[in-house]
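There are 2 protein chains.
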Amino acid sequence: MNGIETILSRKSVREFSDRDISNEDIKTILTAGMSGPAALNMRSFEFIITQKPSILEKISEANGPYSGALKKAKLGILVCGDIDKGYLGKDGYWVIDCAIAAQNLILAANALGIGSVWLGTYPEKAKYSALQKLFSLKSNVIPFATLAFGYPLDSTREIRDLYEVEKVHIDKW
Amino acid sequence: MNGIETILSRKSVREFSDRDISNEDIKTILTAGMSGPAALNMRSFEFIITQKPSILEKISEANGPYSGALKKAKLGILVCGDIDKGYLGKDGYWVIDCAIAAQNLILAANALGIGSVWLGTYPEKAKYSALQKLFSLKSNVIPFATLAFGYPLDSTREIRDLYEVEKVHIDKW
Numbered sequence: 001m002n003g004i005e006t007i008l009s010r011k012s013v014r015e016f017s018d019r020d021i022s023n024e025d026i027k028t029i030l031t032a033g034m035s036g037p038a039a040l041n042m043r044s045f046e047f048i049i050t051q052k053p054s055i056l057e058k059i060s061e062a063n064g065p066y067s068g069a070l071k072k073a074k075l076g077i078l079v080c081g082d083i084d085k086g087y088l089g090k091d092g093y094w095v096i097d098c099a100i101a102a103q104n105l106i107l108a109a110n111a112l113g114i115g116s117v118w119l120g121t122y123p124e125k126a127k128y129s130a131l132q133k134l135f136s137l138k139s140n141v142i143p144f145a146t147l148a149f150g151y152p153l154d155s156t157r158e159i160r161d162l163y164e165v166e167k168v169h170i171d172k173w
Numbered sequence: 001m002n003g004i005e006t007i008l009s010r011k012s013v014r015e016f017s018d019r020d021i022s023n024e025d026i027k028t029i030l031t032a033g034m035s036g037p038a039a040l041n042m043r044s045f046e047f048i049i050t051q052k053p054s055i056l057e058k059i060s061e062a063n064g065p066y067s068g069a070l071k072k073a074k075l076g077i078l079v080c081g082d083i084d085k086g087y088l089g090k091d092g093y094w095v096i097d098c099a100i101a102a103q104n105l106i107l108a109a110n111a112l113g114i115g116s117v118w119l120g121t122y123p124e125k126a127k128y129s130a131l132q133k134l135f136s137l138k139s140n141v142i143p144f145a146t147l148a149f150g151y152p153l154d155s156t157r158e159i160r161d162l163y164e165v166e167k168v169h170i171d172k173w
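Residue numbers (the working numbering), protein chains in the order written: chain A, 1 to 173; chain B, 1 to 173.
To be clear, the hints were calculated from the coordinates, so they are not data collected in a lab.
In this text the structure is predicted, and so the values were computed from the model without any measurement.
It cannot be assumed that every hint is accurate.
Which copy is meant is left open, so a pair is good if it fits within one copy or across any two.
[To be verified] DMTMM-like, lysine to aspartate or glutamate: derived pairs with alpha carbons at most 25 Å apart:
hint : residue 1 : residue 2
1    : Lys167    : Asp20
2    : Lys167    : Glu24
3    : Lys52     : Glu164
4    : Lys85     : Glu124
5    : Lys58     : Asp171
6    : Lys74     : Asp91
7    : Lys27     : Glu57
8    : Lys167    : Asp25
9    : Lys133    : Asp154
10   : Lys27     : Glu166
11   : Lys11     : Asp25
12   : Lys90     : Asp154
Bound-form chain A, shown alone (with noise of 0.2 Å):
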């Protein structure tokens, strides 16, 4: 599968098999979280990951309603911010170099024919308090977002087409 069809066939996993994910796999997943691009190269993004049901099941009543997929996920990844490492600060770029690496976490696994599905925390406090919590986390560090891998149960994958020309302006708005 080419790098296109990788990105066009990514779609929202919830149903796991028994399956686990190699720990070669886990290695590769968690090196392309880690090469997105990042302001100014500060690379805030830091990673809580577990294979650990209990703890699975922990990180998903932490993360509230929906987060149901990491109960029977094999693999939960937490992407956090240290705001004291990311380029402005708190109010400055971490939430986007987060993004940058939950969306290649994504990525690469579809490469790898696992799915996923991403739980949305920051920027709701409810949920990014709760996780904090859970973790013992310092201040400085944000649980950003909740992601639950496995193999999926229907294995099926087509390259999508969500292209709206509505949302491109030419030259101009």
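Dock chain B against chain A, hints included.
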């Protein structure tokens, strides 16, 4: 080039050749930009695109220092967020929708052998206000990221390993 290689070989490119980017490739890049997940699928991203040197120069000037690569680019894409369309509005997920879109744009370009550099815009008010003014945007449309594209003068690509073990926290911080 497969999906993993596409992600790991991405780098910022600031020097472009004279070769134009085809309309077909521009369409593919934009389709990729619209293929990421978006919070509640609300797809708050919008794209202003130009191949005109005079407009590229104006965008470069509005986006301030370090935006010179745009002046030599063959394509500029200004990713904007419509805060009225994004989940949770002004302080909600639109920034994340746009960051995912922008990362997909540059990865798709890399998959096609096209180089790019992501020039930071939001959350720097001086930059996004100047761009908002340049394109006479309504207050709900916020310029988010300024991307310059072109065929690289140096077309060598390498798979980079930017993995940092210190950024991976297993089961706990």
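- Message: When Cα atoms must be at most 25 Å apart, do Lys11 and Asp25 count as within-copy, between-copy, both, or neither?
- Response: both (19 Å within a copy, 22 Å between copies)
- Item | Homo-oligomer pair classification [Asp154, Lys133; C-alpha up to 25 Å] | neither (35 Å within a copy, 48 Å between copies)
- Status of Glu24 relative to Lys167 across identical chains (alpha carbons, at most 25 Å): Close across copies (17 Å), not inside one copy (39 Å); limit 25 Å.
- Since the copies are identical, ignore which copy is meant and state whether Lys74 and Asp91 lie within 25 Å (CA to CA) inside a copy, between copies, both or neither. For Lys74 and Asp91, the Cα distance exceeds 25 Å both inside one copy (33 Å) and across copies (32 Å).
- Which holds for Lys52 with Glu164 at a C-alpha limit of 25 Å: within a copy, between copies, both or neither? Intra 40 Å, inter 22 Å, cutoff 25 Å: inter-copy only.
- Between Lys58 and Asp171, at a C-alpha cutoff of 25 Å, which is it: within one copy, between copies, both, or neither? Only across copies: Lys58 and Asp171 sit 11 Å apart there, 49 Å inside one copy, limit 25 Å.
- Have a look at Lys167 and Asp20 and pick one of within, between, both or neither, based on CA distance no larger than 25 Å. Between copies only: 23 Å across, 40 Å inside.
- Is it within, between, both or neither when you check Lys27 against Glu166 at 25 Å Cα-Cα? Cα proximity of Lys27 and Glu166: across copies only (13 Å, versus 39 Å in one copy).
- Homo-oligomer pair classification [Asp154, Lys90; C-alpha up to 25 Å]: Cα proximity of Lys90 and Asp154: none, with 40 Å in one copy and 36 Å across.
- Task: Check Lys167 against Asp25 for me: Cα-Cα at most 25 Å, and say if that holds within a copy, between copies, both or neither.
- Result: between (35 Å within a copy, 17 Å between copies)
- Can you give me the call for Lys85 and Glu124, within, between, both or neither, at a CA distance of at most 25 Å? The answer is both: 21 Å in one copy and 17 Å across copies each meet 25 Å.
- Query: Within a copy, between copies, both or neither: where do Lys27 and Glu57 come within 25 Å Cα-Cα?
  - Reply: Within one copy only: 23 Å inside a chain, 41 Å across chains, cut-off 25 Å.
Violation of the numbered hints given earlier is confined to hints 6, 9, 12; the remaining hints are satisfied by the structure.
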